[in-house]
Structures are given as C-alpha cells and as structure tokens.
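Model the full assembly from the supplied sequences, consistent with the hints where possible.
Here's the letter readout for the chains.
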Amino acid sequence: MEDLSQIYNELIMEHSMNSYNKKKLEKADYQQIGHNPNCGDEITLELKLNGNIIEDMAFLGHGCAISQASTSIMIDTLKGKTLQEAKKIVQTFIGMIKREIEDEEALKKLEDAIAFKNVSNMPARVKCALLAWHTIEKLI
Amino acid sequence: MNIEEIKKDFPILQNKEITYLDSGATTQKPIQVIKAVEEFYEKYNANPHRGAYSLSIEATEAYENTRKKIAKFINAKQPEEIVFSKNATESLNLIAYSYGIENLKKDNEIVISIMEHHSNLVPWQKVCKQTGAKLNYMYINNEFEITEEEIESKITDKTKIVSITHVSNVLGTINNIEKIIKYAHKKGAIVIVDASQSIPHMKIDVEKLCCDFLIFSGHKMLAPLGIGVLYGKKELLNKMTPFLMGGDMIEYVYEQETTFAPLPNKFEAGTQNIEGVIGLGAAIDYIENIGYDNIKKIEKEIVEYAKQELSKLDYLELYMTPNSSNHSGVISFNIKGIHPHDVSSILDSKGICIRSGNHCAQPLMRFLGIDSTCRASFYFYNTKDDVDKLIEGLNKAYEMFRKYIS
Numbered sequence: 001m002e003d004l005s006q007i008y009n010e011l012i013m014e015h016s017m018n019s020y021n022k023k024k025l026e027k028a029d030y031q032q033i034g035h036n037p038n039c040g041d042e043i044t045l046e047l048k049l050n051g052n053i054i055e056d057m058a059f060l061g062h063g064c065a066i067s068q069a070s071t072s073i074m075i076d077t078l079k080g081k082t083l084q085e086a087k088k089i090v091q092t093f094i095g096m097i098k099r100e101i102e103d104e105e106a107l108k109k110l111e112d113a114i115a116f117k118n119v120s121n122m123p124a125r126v127k128c129a130l131l132a133w134h135t136i137e138k139l140i
Numbered sequence: 141m142n143i144e145e146i147k148k149d150f151p152i153l154q155n156k157e158i159t160y161l162d163s164g165a166t167t168q169k170p171i172q173v174i175k176a177v178e179e180f181y182e183k184y185n186a187n188p189h190r191g192a193y194s195l196s197i198e199a200t201e202a203y204e205n206t207r208k209k210i211a212k213f214i215n216a217k218q219p220e221e222i223v224f225s226k227n228a229t230e231s232l233n234l235i236a237y238s239y240g241i242e243n244l245k246k247d248n249e250i251v252i253s254i255m256e257h258h259s260n261l262v263p264w265q266k267v268c269k270q271t272g273a274k275l276n277y278m279y280i281n282n283e284f285e286i287t288e289e290e291i292e293s294k295i296t297d298k299t300k301i302v303s304i305t306h307v308s309n310v311l312g313t314i315n316n317i318e319k320i321i322k323y324a325h326k327k328g329a330i331v332i333v334d335a336s337q338s339i340p341h342m343k344i345d346v347e348k349l350c351c352d353f354l355i356f357s358g359h360k361m362l363a364p365l366g367i368g369v370l371y372g373k374k375e376l377l378n379k380m381t382p383f384l385m386g387g388d389m390i391e392y393v394y395e396q397e398t399t400f401a402p403l404p405n406k407f408e409a410g411t412q413n414i415e416g417v418i419g420l421g422a423a424i425d426y427i428e429n430i431g432y433d434n435i436k437k438i439e440k441e442i443v444e445y446a447k448q449e450l451s452k453l454d455y456l457e458l459y460m461t462p463n464s465s466n467h468s469g470v471i472s473f474n475i476k477g478i479h480p481h482d483v484s485s486i487l488d489s490k491g492i493c494i495r496s497g498n499h500c501a502q503p504l505m506r507f508l509g510i511d512s513t514c515r516a517s518f519y520f521y522n523t524k525d526d527v528d529k530l531i532e533g534l535n536k537a538y539e540m541f542r543k544y545i546s
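Protein sequence lines correspond, in order, to chains W and A.
This note's numbering applies: residue 1 is where the first sequence begins, and numbers increase by one.
This note's numbering applies: residue 141 is where the second sequence begins, and numbers increase by one.
If you are wondering where the hints come from, they were derived from the structure by calculation, not from laboratory data.
Beta carbons: idealized from backbone N, C-alpha and C, even for Gly.
Treat the hints loosely; a few may be bogus.
As the list claims (entries may be wrong) - Here are some chain W residues pointing at chain A (derived, C-beta under 10 Å):
hint, residue
1, Ser-16
2, Asp-41
3, Ile-66
4, Gln-68
5, Ile-94
6, Lys-98
7, Met-122
8, Cys-128
Claimed, not checked - Taking beta-carbon pairs under 7 Å as the criterion, some of the chain A residues facing chain W (in silico):
hint, residue
9, His-479
10, Gly-497
11, Tyr-544
Written out as structure tokens, the structure reads:
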C-alpha cells in the first residue's frame, strides 16, 4: 500500500482544504462543469482569457482532497500560460497519472502538479486526480 | 459458535491481512462454497436440460435441486416460483419489464422509497416513462425510518406496484415491510421486496410475508458472483410474458411464432450460470448450518459494539436509526470535513476495507443533503478486533486532516 504521507502532504492538504483559487471569477469568458458520477465530485471551472493567454482561472465545487487540490494546483500551474502551453501541460499531467510519461524533464513543466505523481499507484483515486484536467481539456 | 473457528472457513481472511467491512457490497466466500463450484467442474460439468446422457442429467439434477432448496429456504410453495437470474438488478428488471410495462397504465402509480438502490429505482422510471404511470416516493423521518403515516399517505387506490427494500444498503434501516405489504394489498397493489441486504442476516418467509415478488443476489450471502434469485407467486409469474427470448425458454418454435415453456424455464433463457446456482446451494447449506439464530446473535454483539465505539467519536456524523431493533449490520458515517474517499484511502493503507461513495443511492444522498458517506457493513465473520481496527483507522484519518479542517 502506498505511503499516504506522500499523497496527503502539506501542499495537497493546504490546496484541498483552504484554496485561494476556490472562488467565483468576476468576468469569466468560459465555464465548464466536471462531474465524477461514481463519487459525486463536482467542480465548475471558470476561465478568463487575454488573447491567447490564460489570464485568470478559478473553481467552485466539492469533492475529496485529491480532486479539490488537483483542481487548485492545476489553476496555479496553468495561469499565465498560452493555450498551446496549457494543452501540453494537461496532456503531460494525464500521461503522468496514467504512467505513460515518466521523463523527468517533461514532468518538470507540471510545476507543483508533479505532487500527484504517486496517485498513479492508487488506481481507486486516479479519477479524482484527473477530474479537473479532463474538464479543462474540454475548454482549451 | 466460535467466530475464530468460523473465520477459518474463509480462505481470503486467512490469506490476506485485511479487516473486511464491506459485506454489504459482497461477502467473502467460505471454502465449502468454493469447493462446491470446483467439484461441479471436476465431476459433473455439462449443460443442464440439454443432453440425454447421464452427465447432463446429473448437472440438471444439481441445478433443479438447488431450486427446491431455495424454495424451502424462503418457504415458497413450489420450486417453480423460483427463477434464477444474474443478480438482484436483473430480477428487478424482469419484474419491471414483464409485469410493470405490461400491466401499468397512465394515472397508475408506483411507490418506492427514497432509500432504494438504483436497481430498484431506475427500472421503475423506465416503466413510468413507457406507460405514463407516476413514480412516488415514501420518505424517511429524522430517525431514518419510514413511518406508518408515510406508508398510508403514499400508497393509495391508484398504486399498482410497491417496490421496497427490506433493509437499506446505506442506512441499515429495517423497513416495516409487513405493514407495507398488508396496506398495499388492501389498496390493491402488488408488492416487491428487495431482500438483497436482509436475507444474508435474517430468515425470510415469503408465505408469512405474503409478498408478491421477492428478489436477492447470491453474492451478498456467501455465494459466487453472477447469480440472483427471483421469487414470484405462481399465478403472477404464469400471467407474465417472458423477459429474455432464446434457448430453453420455449416449447414450439415456428418460423414466425413461438410458444413458451412453462415456469420456471419461461424466464431462464439460454444456458444458465450453473456453477453460481451450485455455489448458492452450498451457501444456503452453510448459512443453515450456522443457523440464523446464531448469525443474529453474533452480528448483534459486533454491531452493538461498533455503534457504541463509533458513537464515542465526536468528529463523526452517523446516519442510522437510534432504534436498535430496526437496524441491521450496515453503518454509514462521515468524518466532518473529510471526504469519504479520503477516509477510505487512509483506512485502505491499514488494510481496512470499507465502502465510500453514494452507494448507488443518489436520490437518498440528495435527500440527506450529502454527496457520499463511508459505510462499514458487518457479517458473522467479523470480530470486535475488526471494530477496534476501524476505530484506530478513523482516528488516524482524523489526525491527518485535523489541522487543515477549517
């Protein structure tokens, strides 16, 4: 069994329980709901673009620590990136969780989101970690 | 009865360092059931009802003898009233399609409860959409029970079908099905009882209950996965059209027309799950050998202890009736501020298996104003030590999260 302190670490706990990204955006350009019917987790992502650049993002919703922290950390990672860069990062994250991408250099681009690497050892929680990333995939 | 001795019958509990508290999802299997299935394949595997050779006859006999055993086990009048299915869900779908859609009309009503599993809910939505009938719900009070007033206000002259779970898979509430059946019959409705969560723990007597249909799954009562049972009163089953068409459920097949086999074959199309049936027979033998009185006694002690210990944790929210006599071996709870999936991952890291989620009961979750719960469910092979491990695991989860809970 996975050593859980690797997953439930300070960073993930802070983001899941008290996220500064959990709010309503003043003027969002896009909105997308993500839902995990098996566990009832639900998030609403909001996105504000400045040309090709993700100027701001926020989320609302509820779910487990992993889905909530993953959403919040994803927002930190993608803010300020171009849509093309964001797409690449999203693909890398999904690849990391599915254990298809293990290249250290590629994973560095994920910034803090690399904290979820060990979720790939917890099949029951993969969906939780991926919820936000699959949701943003539909937007960008 | 010595639980440690009983535990030795369950290889998985010997082979793995686990605290198994998810018997409400599926029970572990005793060696007697595993051996019975093995013996079938080693000694008399053949397709029943097909061959004229002795091996096939032996398989047919084993299959039909289990039907008789089940009839006796639930006190059905005749073996023909027992139909084998894939699981409780298929049994319920069979009734919904072959009785519900055939018999209901616009303005008729179906009554279920808010605590139904999706398997006893979604099929009725389908029946209502197809026939124009209306789906009504009996709700629970703040003690998680359906009151007599609620029963009498929801079951009316318009009600044609009442389908109710005997024991809730989320709350553990034992419903007053005697009252529901009596009252529904007075109003001219038929009653279906979902016994999936009750028959592993308590004696079921369909004659005494006087229910029209009763369904359950084998795998929640020590039998293999993939075998379910439908009991129906013969006069009702006889009037119903077949659910699935194909081999073995026919009498004469012409190019354009077919006549159907009599009960129970009419409802058993295609080659059946013989190993499942044989395993179910062995499971019934096992249960009868221990005896429901003993099962009840063992479970009562464990569940009472679990309730007592869980009640001491002030960070816990419990979803169960305070009336012990109306509560079975299922306990749902939440640690305030921590999502059930996180709790169950943390427990899993200690080898403790509990269920977390909506338990296939989304309308109930919505009614309770929550998304999901943790659920520990018990069977006679659980011990006080299992409860202690659960408590220890919960304390650990709470400690991990405490400083972050706002």
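Results for each hint:
1. At its closest, the beta carbon of W/Ser-16 sits 7 Å from a beta carbon of chain A; the interface hint therefore holds under the 10 Å criterion.
2. Hint status for W/Asp-41 relative to chain A: holds, with the closest Cβ pair at about 8 Å, below 10 Å.
3. Interface restraint check: W/Ile-66 against chain A, minimum CB-CB distance 7 Å, threshold 10 Å, status holds.
4. Hint on W/Gln-68 holds. Least Cβ distance to chain A is approximately 8 Å, under the 10 Å limit.
5. Interface restraint check: W/Ile-94 against chain A, minimum CB-CB distance 20 Å, threshold 10 Å, status violated.
6. The criterion of a C-beta within 10 Å of any C-beta in chain A is not met by W/Lys-98, whose closest approach is roughly 19 Å, and the hint is violated.
7. With a least beta-carbon distance of about 7 Å to chain A, the hint placing W/Met-122 at the interface is held under the 10 Å criterion.
8. For W/Cys-128, the shortest C-beta to C-beta distance to chain A is roughly 6 Å, which falls under 10 Å, so the interface hint holds.
9. Residue-level restraint check for A/His-479 holds (minimum Cβ-Cβ distance to chain W is 4 Å; threshold 7 Å).
10. With 7 Å as the threshold, the beta carbon of A/Gly-497 comes within range of chain W, its nearest partner Cβ sitting at about 5 Å, so the hint holds.
11. Evaluation of the A/Tyr-544 hint against chain W yields a held restraint, the C-beta minimum of about 4 Å falling below 7 Å.
Hint violations for this structure: numbers 5 and 6, all remaining hints satisfied.
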